[in-house]
Each structure stands twice: as structure tokens, then as C-alpha cells.
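Place chain B with the ligands on chain A using the hints.
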Amino acid sequence: MSESLVLDVRNVTKRYDSLEVLKGISLGLNKGETKVVIGPSGSGKSTLLRCVNHLTKPDAGEIYLEGEAIRDANINAMRARMGFVFQDFNLFSHLNVLDNVRICQMKVKGADKKTATHRAQQELARVGLEEKASAYPAELSGGQQQRVSIARALAMDPVVLLFDEPTSALDPELTGEVVRVMQQLAAEGMTMVVVTHEMSFARQAADEIIFMENGHIVEQGSPDAMFSHSDHERTRAFLNVIADHG
Amino acid sequence: MDIYDVLLRDFPFLLKGLGVALVLLALLLVMGFILGLAICMIQLYGPRSRFIQWPLIAYERVFRGIPIIIMLFIFYYGMSGLLDITSFGAAVLALGFRSSAYQSQIFHSAFQSVPAGQMMAARAVGMSRVKAIRHILFPQAARHAIGPWTNEFSSEIKETSLAYVIGVVELTRQAHYIITSTQGNVLTVFAVVALLYFIVNRAGNSALYAFEKKLAVPGFEK
Ligand SMILES: Nc1ncnc2c1ncn2[C@@H]1O[C@H](COP(=O)(O)OP(=O)(O)O)[C@@H](O)[C@H]1O
Ligand SMILES: [Mg+2]
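Order-wise, the sequence lines are chains A and B.
The numbering of the first sequence is the numbering used here, which starts it at 422 and goes up by one.
The numbering of the second sequence is the numbering used here, which starts it at -1 and goes up by one.
Bound-form chain A, shown alone (with noise of 0.2 Å):
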């Protein structure tokens, strides 16, 4: 293992009864590293990510954060260095934006409410809803949803951030926003687990791109190397489907 990982996924498999949705994945990030992981629908990168957090248990396989295996006793402490953004956002919809960003501050590190406030401001600023800051998420589109959930998980002060499918749920004006925060957060050095179909981002923000299907890695190498030339058929065969598409 190497020391400088960030996050270290070792060989994770994972079945639903007879189907094997997760084949034995390994993949490892730098600090500051942002790895996007494409794929076909049903190909395994959601119950990846949750396997990440244990959100999914995986069957086998470790996840290691900053060196630190991932146990039932410490799940609680390793999801809260590890900010996870939905597709559908979750916002607490009980609560308005402060709130959600404060909430788990407060709740999971104990924060006060001076100092949770203080920083939720500052992660509302980062993604340009600090005047929100009193509306409810019934009150707020898709796209300002997503950006509050991304404050939310940054507030934390996350060490990694999972991203599933982002701006899936978004109509289609709305996911520039969305995708600009996360290309700022990859620009300022966030070390980010990125599933989406959005290849201007892939292209543009991820150090690695990895191709998953029927729950393997496929294969995985540098924009470039996969957008220009990529050995495989598969690849070449996906990416030529979400061009037509996006």
C-alpha cells in the first residue's frame, strides 16, 4: 500500500443474489487527484461508490482512507471525512440551506453553532448561494439543490469527495452550474471520485478517466488517451453513444 493514497479501494466485489454487480474493483487516488468513472447504466459505478462508505457493504475487498481501513466500528468517523454527493441531491428538506449545511457539523463533529455557521457560510459563498442561505429546498431548482448538497459535503472538510452522477438529475441548462463548482473544487486540489456523463468535465477536470462495465474496470488512462485512442472497442463504443447523446 502505498502511503500517499488518499483513498485506497482494494479488490471490492459485490452480488446481489446471483448477480454479480461488482467483479473485484481496485482503484486509488492521490491527494489532489480527481479520477471520473464512465460506464453503461447498470454497470456497477453507483453500488461502487456506496461500497466507497459502506453505504453498500462490499462483500470482500478493503477501503482504506488516508491509510485507514474502513470497519463497522468506525464507519460513523470515516463517512464524516468522506462527502458523498447524490444524483438526486437529499437535501434534509426540513430544514433550509444553513441548516442542511450546518446540521452535520453540529450533529456528527460536535461543531458549535458559531463556528457551523461560520462555515457553512463559507462553503454557500464557495458555491455561490450564500443569499439562499434562509430558502427550503422545495424553494430552490435542481441545480441550486445540487451546489447547497456539494456545500453540505464540503462543509465537513471532507478528505475525499463521491460524486454519483451529479447532474443526472438535472435539466440540461441547469448542469453547467453544477459542473463549474466541480471543476473549481478539482482546480483548488480536492481529491474527488467523480461518476458522470458529462465528457467536457471528464475531459477537462479528471487526471484519470476509468471505464467500467458489467461491474470491472474495462479500462482506464488519461483523458487524452482515452478520448483520442483507446484500445478497447467497448470504450471507444461508449463514448461514441454519449457523444451522439450529450
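No lab work stands behind these hints: they were computed from the structure.
We treat Cβ as the ideally placed atom computed from N, Cα and C, and that holds for glycine.
The reader is advised that the hints may include incorrect statements.
As the list claims (entries may be wrong) - Have a look at the derived ranges for each label pair, beta carbon to beta carbon:
| # | chain 1 | residue 1 | chain 2 | residue 2 | range |
| --- | --- | --- | --- | --- | --- |
| 1 | B | A205 | A | G445 | 56 to 64 Å |
| 2 | A | H653 | B | V128 | 44 to 52 Å |
| 3 | B | V128 | A | R492 | 13 to 21 Å |
| 4 | A | E489 | B | K156 | 56 to 64 Å |
Unchecked claim - Derived DSS-like pairs: lysine-lysine, alpha-carbon spacing no greater than 27 Å straight-line:
| # | chain 1 | residue 1 | chain 2 | residue 2 |
| --- | --- | --- | --- | --- |
| 5 | A | K478 | A | K528 |
| 6 | B | K211 | B | K129 |
| 7 | A | K530 | A | K553 |
| 8 | A | K530 | B | K129 |
| 9 | A | K478 | A | K444 |
| 10 | B | K212 | A | K553 |
| 11 | A | K535 | B | K129 |
| 12 | A | K553 | A | K535 |
| 13 | A | K452 | A | K478 |
| 14 | A | K553 | B | K211 |
| 15 | B | K212 | A | K534 |
| 16 | B | K14 | A | K535 |
| 17 | B | K129 | B | K212 |
| 18 | B | K212 | A | K528 |
| 19 | A | K534 | A | K553 |
| 20 | A | K530 | A | K452 |
| 21 | B | K156 | B | K14 |
| 22 | A | K553 | A | K528 |
| 23 | B | K129 | A | K534 |
| 24 | B | K156 | B | K211 |
| 25 | A | K478 | A | K530 |
| 26 | A | K528 | B | K14 |
| 27 | A | K478 | B | K129 |
As the list claims (entries may be wrong) - Some, not all, of what chain B presents toward chain A, calculated at C-beta under 7 Å:
| # | residue |
| --- | --- |
| 28 | A119 |
| 29 | A122 |
| 30 | H133 |
| 31 | P137 |
Structure of chain B with the ligands alone, referenced to chain A:
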């Protein structure tokens, strides 16, 4: 003395009866709330074992399936051989257990109306299950539950009058005393009693409605 003088003279007794009814109501609702919430929590988040889940289902069915008068008789006459129970105590238990069966169902569907993503998001950020339930699910479920709970309040205030049958001296029995002591005037006395029940019912409903409005946030308003 005509009936109005009697009513005026005996009005304090009616109020006393009303007081007993209200205490009975408060106790049965609190008991139903605590037990009902506990049952709902075990059903939703407790061990899946049949030895735990089946008895809870049976409990709910039994207490919702038996007429409350029979339940009152069982708790009063049936249990007085085993323990020294007052008619008031028996009424609290019978009505409280039954209310818990109804309230557990109210809470059950309220918690189930909270989308699964809420629990997932809370867990993903490092909340324990207990914290997630307390800080995220409960406040949302409460907003779903308060409407049906208001109905439960309304039916229970009416059900307290059934404690009459085991001799609890609540409002309906006080009314009956007045009627027997003055021979007749049933209609007038019960009209006054009906009005008292109605006022309490409306007051409770208004208070709960105000509370519901206070809790309302965009996305949860009625
Ligand atoms: N909880 C579950 N129970 C059963 N099957 C599941 C569950 N979650 C995912 N799957 C299946 O696992 C496969 C991979 O799903 P998923 O990880 O969501 O793929 P992706 O995110 O790449 O679209 C799919 O066939 C899906 O139906
Ligand atoms: Mg998915």
C-alpha cells in the same frame, strides 16, 4: 327549581367531570404516543426477527379489533382479580393501549412517507442511525403525522365518555347524576354536555392546527 337552576348549581360537577375526562385524555394520549412510537421504531428499525415483529402485529390487530367497551370491561373487571386497579386506571390502560395501536400506525406511515434518500444522506455524512432518526427523519415524520394525529385526538376525546361504563366519574357520568337527581331534562343536560365536548374538541383541533402551521415549511405545507 327548574333545570336551569339545577344546571347552574351543578355546573361545577360537570366541570369536574370534564376535568377527569381531560386528564384521562391526556394520559391515554401520552401513553399511546410513547408506546405507539416505540412499536413503530421497532417495526421499522428494530430486529427483523419474527419473535419480535409478529407479536407487535398481533398486538396492533387485537387492540384495533376489539370494541372498546369490551376492552374496558376486561381491564376493569377482568384485571381487578389480579391487581387492585381503579376504574380510572383501567380506563387509562384500555384506552391507552388501544390508542398506541392506532398511533403506531400513524407514525409508521409518517416515517414511511420520508423518502429513503433522507436516511441515506444522513448516514453518508456520518450520522449514526439514531442521530439520523432523531434529527432528520423524526422532524419530517412529525409533519406528516400531525394531521392524522389530530383525528386521533378528536376520536379519543369522544371515547373518554365510554369510561362511564366502568364507573369512572367523568363528564358523561356527572351528566347522568344530574339527570337522575332531577328526573328528566335529558335533552337539556346532554346538550350542555355535548357543547362541552365540542368546545374541547374544537380547542384541541385549533391548537394542533396552529402547531401544524408553525411546523410548516415549504415542501411540507398542507
Ligand atoms: N439494492 C440492490 N438490489 C439488487 N440489485 C441491485 C441493487 N442495487 C443495484 N442493483 C443492481 O446492480 C447493478 C448495478 O447497479 P448500479 O450500481 O446502480 O449501476 P450504475 O450506477 O452503473 O447504473 C444493476 O443491475 C442494478 O439493478
Ligand atoms: Mg448509478
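Each hint tested on the structure:
Look at B/A205 against A/G445: about 60 Å separates their beta carbons, and that is inside 56 to 64 Å. The hinted range of 44 to 52 Å is satisfied by A/H653 and B/V128, whose Cβ atoms lie roughly 47 Å apart. Restraint check, B/V128 to A/R492: a C-beta distance of roughly 19 Å satisfies the suggested window 13 to 21 Å. Against the hinted window of 56 to 64 Å, the Cβ-Cβ separation of A/E489 and B/K156 comes to about 60 Å, which satisfies the hint.
Straight-line distance between C-alpha atoms of A/K478 and A/K528 comes to about 24 Å, which keeps the hinted pair within the 27 Å bound. For the hint pairing B/K211 with B/K129, the CA-to-CA distance comes to about 25 Å; that is within 27 Å, so the pair holds. Distance hint between A/K530 and A/K553 is fulfilled; the C-alpha atoms sit about 24 Å from each other, no more than 27 Å. As the CA atoms of A/K530 and B/K129 are separated by approximately 12 Å, the hinted pair is consistent with the 27 Å bound.
Using a Cα cut-off of 27 Å, the hinted pair A/K478 and A/K444 holds, with the two alpha carbons roughly 14 Å apart. Restraint check: the Cα-Cα separation between B/K212 and A/K553 comes to about 21 Å, which is no more than 27 Å; the hinted pair holds. Among the hinted pairs, A/K535 with B/K129 is consistent with the structure: their alpha-carbon atoms are about 21 Å apart, no more than 27 Å. A threshold of 27 Å between alpha carbons decides the hint, and for A/K553 with A/K535 the separation of about 18 Å falls inside it, so the pair holds.
Taken as a hint, the A/K452 and A/K478 pair is honoured in the structure, with Cα atoms around 25 Å apart against an allowance of 27 Å. Our distance criterion of 27 Å between C-alpha atoms is met by A/K553 and B/K211, whose separation comes to about 22 Å. As the CA atoms of B/K212 and A/K534 are separated by approximately 23 Å, the hinted pair is consistent with the 27 Å bound. Between B/K14 and A/K535 the alpha-carbon distance is near 50 Å, which puts this suggested pair outside the 27 Å criterion.
Using a Cα cut-off of 27 Å, the hinted pair B/K129 and B/K212 holds, with the two alpha carbons roughly 23 Å apart. Distance restraint check for B/K212 and A/K528: the Cα-Cα separation of roughly 24 Å lies within the 27 Å cut-off, and the hinted pair is therefore satisfied. With a C-alpha separation of about 19 Å, the suggested pairing of A/K534 with A/K553 holds against the 27 Å cut-off. For the hint pairing A/K530 with A/K452, the CA-to-CA distance comes to about 23 Å; that is within 27 Å, so the pair holds.
Distance restraint check for B/K156 and B/K14: the Cα-Cα separation of roughly 17 Å lies within the 27 Å cut-off, and the hinted pair is therefore satisfied. For the proposed pair A/K553 and A/K528, the alpha carbon gap of about 22 Å is at most 27 Å, so the pair holds. Straight-line distance between C-alpha atoms of B/K129 and A/K534 comes to about 17 Å, which keeps the hinted pair within the 27 Å bound. Between B/K156 and B/K211 the CA atoms are separated by roughly 25 Å; this keeps the pair inside 27 Å, and the hint holds.
Distance check on the hinted pair: A/K478 and A/K530 sit about 24 Å apart at the alpha-carbon level, within 27 Å; holds. Restraint check: the Cα-Cα separation between A/K528 and B/K14 comes to about 46 Å, which exceeds 27 Å; the hinted pair is violated. Between A/K478 and B/K129 the alpha-carbon distance is near 20 Å, which keeps this suggested pair within the 27 Å criterion. Evaluation of the B/A119 hint against chain A yields a held restraint, the C-beta minimum of about 4 Å falling below 7 Å.
Against a cut-off of 7 Å between C-beta atoms, the interface hint on B/A122 holds, since the closest Cβ of chain A lies about 4 Å away. The beta carbon of B/H133 comes within 6 Å of a beta carbon in chain A, closer than 7 Å, and the hint placing it at the interface holds. Interface hint at B/P137: satisfied, since its Cβ lies 5 Å from the closest Cβ of chain A, which is below the 7 Å cut-off.
In terms of the numbered hints stated before, the structure departs from hints 16, 26, listed from lowest to highest.
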